[in-house]
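Colleague: Now for the letters of each chain:
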Amino acid sequence: MFKFHIFLLILLLIALLGVDVFLIPNVVDFSFKNLEDLFILNQFRLPKAITALLTGSSLALSGFILQQLFKNQLAGPYILGVSSGASLFVALFIILGASFPIFQSLNVSVAGFLGAILVLIFISLLSFKYGNGYLILLFGVIIGMITGSLQTLLVAMASVGELKSFTMWSMGSFSQVIDVDLIVLSFSAIAGIVWAFLLMPQLSILILGNEIATSMGINPKRVSFSLLVCTGLLTGVTTAFCGPIAFIGIAIPNLVKLLFKTVNFRLMLFANCILGAIMALLGDIVASLSVWGFQVPINVTTTLIGGPFVIYILFKKRK
Amino acid sequence: MHNVQLDIKGLLVGYNTPLLASIDLQISGGSLVIITGENGSGKSTFLKHLAGIETPISGQIIINQTPLSKYSVAERAQLMALVLNQKIDEPYITVEDIVKMGRYAQYQSIVLDQNVEEAIKLMKIEHIRHKYLNQISDGEWQKTNVARAIAQNTPIILLDEPTAFLDYPSKIALFKDLKQIALAFNKIILVSTHDIHVCKNEGTRFWHIQNGVLTDNTQSVW
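Residue numbers (the working numbering), protein chains in the order written: chain A, 1 to 319; chain B, 320 to 541.
No lab work stands behind these hints, which were simulated from the structure alone.
Be aware that one or more of the hints could be misleading.
[Unchecked claim] With beta-carbon atoms standing in for the labels, derived distance ranges:
1. Gly333(B) / Gly209(A): 16 to 26 Å
2. Thr336(B) / Phe128(A): 49 to 59 Å
3. Lys389(B) / Leu11(A): 50 to 60 Å
4. Thr336(B) / Phe187(A): 26 to 36 Å
5. Ser377(B) / Lys3(A): 32 to 42 Å
6. Ile407(B) / Met171(A): 50 to 60 Å
Cβ coordinates follow ideal geometry from the N, Cα and C atoms, glycine included.
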């Protein structure tokens, strides 16, 4: 039954990949008479689709892990301020020119990862002290506001060139992740997904509570810490390259729960990755449609698709 | 199964200050130990210390001549299974999922094997095995938890008030089954309960906690 669901979702994913690469915003001329078409396909459309796929998967998986760890259906990398933390560090990097002694694309990823992990550690400490209820969501929103105002301060200090590059990045985009950047993004996303896959049985046993999990041979603190680092890697690096992308991390895990209704977390991991990629590709396809006459920022489409769904979840929960 | 031996030497349980007076006891395989005492007397705390979840103020818990502190968390999970009297909040977990989790201690993976089937059959929860937790009663939840501990297949099983929500016939049946398991497989099963009248004939040892002292009442109960 579940295998059939996954099979259908994979088919949908492949179809959307095809549409995103070959059909939108205009149909690719497969004769490649014009070498420019081939260049656009290789250097723009294909990397953009792969970036959307990896980013959607990473964010949905991060959201799933955070919702399970904090036992809160509304947790997610964007709401908990993890994306904001990553954004702030990337902004610091772009605007203040702060750099780590490694090459460029790693610099941005390391900045994003550090920002994400710092917020995650902070939120975990709060959750340890005050529980997992609405309070951590509130803290997440406040962290988002604080990092937002710090970013505004940085923007005010920035030059025109830096300002444009930062503003474009903060609206979210899957384009412009090519060459080494794409390799770094692919490597970190795949590493994060494989790492999470290995930790899924432990995460599912944590449902029984930390004390019972301990009696079953699990170290809850170690597992939680590993999963937080994994989430930091997945969210931080994708945010560093594509900007803070809203709603995939909160909407998809809820949708997967509704569709699959299981605690087979390895299956849930695949479902989250596939559906996350589907939502990101869908967002990219809508954003790239030629009818707009310009490239719509990804955040606009993911929010318009994901927002109403999260409101539905809230109403459903209230009932 | 190898005959397990549990020795408790000068054990002081509690958080910072001792909750119970120093405990010295020995138990061998094939025992169903019934622990009674009022609410808040320290039964659950005592069981959590035995399980290694809480660290004792002083003293030792020795299993098969090796102190508990020398075993890793994974090794402990192969020696002892624990059931606490608490609920969980997860809408889409089934009874079978929970019992399957008991196998993690052996395989580091959640699998459906013969142990799971036997535990489900023994606790008579076949008819609800595919039901979600919000579709079962409190009593069925307790049976599910005991099945999970049985599926873990450890020489020692610690159960904190497993009969609290069970109906009378189920209480009698559970104690009979536990005694049978303890004797047939040479296990040590420790059960905290308020249902002393139900398990009088089933327990092989009876410990009672009163005013901060744990005493072996086996002779007086018999």
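Colleague: Confirm or reject each hint.
Modeller: Hints versus structure:
1. Gly333(B) / Gly209(A): 16 to 26 Å: The hint (16 to 26 Å, Cβ to Cβ) holds, given that Gly333(B) and Gly209(A) are roughly 21 Å apart.
2. Thr336(B) / Phe128(A): 49 to 59 Å: 24 Å, violated
3. Lys389(B) / Leu11(A): 50 to 60 Å: 54 Å, holds
4. Thr336(B) / Phe187(A): 26 to 36 Å: 53 Å, violated
5. Ser377(B) / Lys3(A): 32 to 42 Å: 55 Å, violated
6. Ile407(B) / Met171(A): 50 to 60 Å: Distance hint for Ile407(B), Met171(A) is violated at roughly 41 Å.
Hints 2, 4, 5 and 6, counting from the list given before, are not met by this structure.
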